[in-house]
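Construct the complete structure from the given sequences, taking the supplied hints into account.
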Amino acid sequence: MLEIKGLSFSADNGAERIDILKEIDLSVEQGTFLVLTGPNGGGKTTLAKAISGIVQPTGGKIIWNGTDITNLSITERARLGISYGFQQPPRFIGMKVIDLLSLAAGGKKLSRMECCNYLNKVGLCAADYVDREVDTSLSGGEVKRIEIATILARGSGLMIFDEPEAGIDLWSFAKLTETFRELHATSNATIIVISHQERIISLADEIAVLSGGKISEYGKRDDIFPRLLGEGRGCEYMRKGN
Amino acid sequence: MEKLDLGLLKEIALLDGVPSGAYNIRKNGTSAGRFSTENIRIEPKTDKQGIDINIKSGTKGETVHIPVILTESGYTETVYNDFFIGDDCDVTIMAGCGIHNCGDSESRHDGVHTFYIGKNSVIRYAERHYGDGEGKGERIMNPETVAYIGEGSVLQMDTVQIRGVDSTVRKTKIVVKKDASAIINEKLMTHGNQLAESDMDLILEGENATGRITSRSVAKDDSKQIFRPCVVGKADCFGHIRCDSILMDRATISSVPAVAAEHTDANLVHEAAIGRIAGDQLIKLMTLGLTEEEAEEKILEGFLGE
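Which chain is which? The protein sequence lines are A and S, in order. Take 1 as the starting number for the first sequence in the working numbering and just add one per residue. Take 1 as the starting number for the second sequence in the working numbering and just add one per residue.
No lab work stands behind these hints: they were computed from the structure.
Pairwise CB distance ranges (calculated):
id	chain 1	residue 1	chain 2	residue 2	range
1	A	E178	S	L195	52 to 58 Å
2	S	R276	A	S27	36 to 42 Å
3	A	T136	S	D221	25 to 31 Å
4	S	A272	A	K5	46 to 52 Å
5	A	K175	S	E262	48 to 54 Å
6	A	N13	S	L195	40 to 46 Å
7	A	R17	S	K136	52 to 58 Å
8	A	M113	S	Y116	44 to 50 Å
9	S	A273	A	G140	17 to 23 Å
Just a sample of chain S residues kept apart from chain A, beta carbon distances all over 10 Å, derived:
id	residue
10	P44
11	E72
12	D110
13	D249
Note that the structure is predicted; figures quoted are calculated from it, not measured. Glycine included, each C-beta is placed from N, C-alpha and C at the ideal position.
The following block contains the structure:
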């Protein structure tokens, strides 16, 4: 179970202090598929990074399976079963896809067949990719799918995917939603996906809307999803009848 | 051969003993073993230190190993090895030098390799440099490679220097004829107070000649690296230089790629990048459970392809 209690994060931009996360409380039961959505700049990625240890919160606590992980390092959290798929994954000159997937799977060199299994799940043909370097010769969408494959290879108890759909073509996206559905059906992992896509949101057990650094809505998918679809917020200035 | 020699051979030629095929093993200035085959004849030079390697036209699938090991502290030498390669060959040549210096005097090997490659041949030339030993004496290697690549031939040259060489000044000159190509891959890591300097001239002389120089290097501690790769296009040709370097600690790297066109249809490109290991690369691998040190090691391992 993931428990977030009064989590805050503020950043200093030199001129002023900006509160990016404002005392967030959130409890996610083991095995839940949670979609974290909300407007750009609402704090979703910062929250994901705070859970995985990339960002150190300025207040509050993060508890994973009863252990307070707030002050643990990225490595320590990873070893406790927390993984994070980057929104914009880095590239590695010289490192092959098979090597990156092997590191993700725990360090032992994976067989081509094992790599094939993970790459297929993100719509990539293993024969074309296993020996390729994760460098600038790959497109943004290809690197993104390899990033998702690393999280699948890791097989953690908590998997956080940050906008997995970004940069991915329509055909691969269909495969990806099927993979998320299957992952949720066949494992007891807690899955948190930051997304704006209806097809991913429709897979969720629960939805949390993060806006202006606060959870503005949180609940079961069937309660929250229709409201999100109906809101069509648009421009506040226009809504006020100007 | 002694255990120490076998260790050096393993590092520089990836050998677990005497190689198969033609070979010449040089140790402290003398021959520690030589073998010629029907197609590949190795003979000592009579006017200076070194050997001539004659490869008959049509030789395919054979290898030549010519490792050099220095274990005597204070020994210095300049060796000339000339390769005369016929037409329609497909041959792999493994060279390299390992220095073990446990004394306080400088040990130095300056190897000058010249290749005369005929027509339509494919030559893979690999060269590894390695040094070890606890002595204060410097381990110095100054390799010089000159190659003339005949019409329609391909030379792939892979040079690797990962550990233990205190000072190296590398000079390379490659002349590429019509429809021929040169592929040069250089991998280098320096540490401590090491100095590595590399001057490369790739001259694309014939029509449809191609040349690629790919250099990847890592400079650690207080080491210093200087690269000056230059591609000259004298015909309708294609040349590309790419230098990527990772800088760590207090090390310095100077990367000065150059392209010079002497023909209006010469298509020449150069790219060079120097930087520290990106923070997001380290973080990504840490989210996979690696410590920062382990992540750094894996990034360098991948970068240098070791």
